[in-house]
Amino acid sequence: MDEHSDLEIRIVSNPRYICAVRLAIESAARSLGAAEQTCGELALVVGEALANVIKHGYQDQTDRPIWVTGSPMQDDGRRCFEVVIEDESQGVDLDQIKSRPLDEVRPGGLGVHLIQCIMDQVEYSHRQDGVGVRLRMRKCIGPANQVAKS
Amino acid sequence: MAEQDAVIGQRQSIDDGMVVKPEGEIDLIRSPQLRAELMELLDQGMARLIVDLSDVPFMDSSGVATLVEALQIQRRKSNKLVLCGLQAKVRSIFEISRLDMVFQITEDAAAAGDV
Chain D
1 MDEHSDLEIR IVSNPRYICA VRLAIESAAR SLGAAEQTCG ELALVVGEAL ANVIKHGYQD
61 QTDRPIWVTG SPMQDDGRRC FEVVIEDESQ GVDLDQIKSR PLDEVRPGGL GVHLIQCIMD
121 QVEYSHRQDG VGVRLRMRKC IGPANQVAKS
Chain P
1001 MAEQDAVIGQ RQSIDDGMVV KPEGEIDLIR SPQLRAELME LLDQGMARLI VDLSDVPFMD
1061 SSGVATLVEA LQIQRRKSNK LVLCGLQAKV RSIFEISRLD MVFQITEDAA AAGDV
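Quick note, the sequences are listed as chains D and P, same order. In terms of our numbering, the first sequence opens at residue 1 and continues consecutively. In terms of our numbering, the second sequence opens at residue 1001 and continues consecutively.
Do not rely on the hints blindly, as some may be mistaken.
[As the list claims (entries may be wrong)] Straight-line C-alpha distance at most 30 Å; calculated DSS-like pairs for lysine-lysine:
{"hint": "1", "chain 1": "D", "residue 1": "Lys98", "chain 2": "D", "residue 2": "Lys55"}
{"hint": "2", "chain 1": "P", "residue 1": "Lys1021", "chain 2": "P", "residue 2": "Lys1089"}
{"hint": "3", "chain 1": "P", "residue 1": "Lys1021", "chain 2": "P", "residue 2": "Lys1080"}
{"hint": "4", "chain 1": "P", "residue 1": "Lys1021", "chain 2": "D", "residue 2": "Lys98"}
{"hint": "5", "chain 1": "P", "residue 1": "Lys1077", "chain 2": "P", "residue 2": "Lys1021"}
{"hint": "6", "chain 1": "P", "residue 1": "Lys1089", "chain 2": "D", "residue 2": "Lys98"}
{"hint": "7", "chain 1": "P", "residue 1": "Lys1021", "chain 2": "D", "residue 2": "Lys55"}
Hints are computed from structural coordinates only; laboratory data are not their basis. Please read these numbers as outputs of a predicted model, since none were measured by experiment.
Model the full assembly from the supplied sequences, consistent with the hints where possible.
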């Protein structure tokens, strides 16, 4: 996990806890001065990412660990919010994590598209110890000189 | 596993079908219940199903997938499924996934009856 993140949450891979993380991320983004729409989008993205970990990474097991961190960042003169999600899933082929074509109207497979569409940077990698997946996402929440709401 | 509370609150019959009103957030936890309730309704067969989402403040892709499945069933039977009353966060997910171009979406249930 990142050592200097502002927000750290650990949950087990039970879908009932997704809402709690979503609300925490939304609230953190709001306190950093992000626009209301951006706060909602960040919450949606985090929920989708957690759902993917639970469904695909952990195959619906409900007792495996997931770590979520959130931190404000400066990126190319802009204020950003970075979210990192890590898990201990095994055998995930990172090249297979991709968005599906939207011209095909069918249920499912939208989560990755939403993540890639909403976030400015999305990067999947294996964790440093080689076990599990690390998803790092970053979204611009305003210009560098914008003052965050207290 | 504990039995889940119903997602669809109000149900109102109309001339050619029904207006249903899901309530609360529809996410990975609650979308299977919504799916079960919608499938039960669609099994009965109705020319028009109007899903009023005005009491749904949040929906994730699992909820959207449930509605896509219901839409496909209605279309196979040459029936209609119309969405209405989308709140901003819910409308946003339909727009990002470009499904606002696939579903018939109206402001409210009254307008959905005219589609």
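Checklist entry - Does the structure keep lysine 1021/P and lysine 1080/P at a Cα separation of 30 Å or less? => result Status holds; Cα separation ~16 Å.
Checklist entry - Given the hinted pair lysine 1021/P and lysine 98/D, is their alpha-carbon gap at most 30 Å? => result 34 Å, violated
Item to check | Proposed proximity, lysine 1021/P with lysine 1077/P (alpha carbon, max 30 Å) | outcome: 22 Å, holds
Next on the checklist: Check the hint pairing lysine 1089/P with lysine 98/D against an upper bound of 30 Å on the C-alpha distance.
Outcome noted: Holds, at roughly 24 Å.
Checklist entry - Within a Cα-Cα threshold of 30 Å, do lysine 1021/P and lysine 55/D meet the stated pairing? => result 28 Å, holds
Checklist entry - Is it true that the CA of lysine 98/D sits at most 30 Å from the CA of lysine 55/D? => result 15 Å, holds
Checklist entry - Taken at face value, is the distance from the CA of lysine 1089/P to the CA of lysine 1021/P at most 30 Å? => result Between lysine 1021/P and lysine 1089/P the Cα gap is close to 17 Å, so the pair holds against 30 Å.
Violation of the numbered hints given earlier is confined to hint 4; every other hint is satisfied by the structure.
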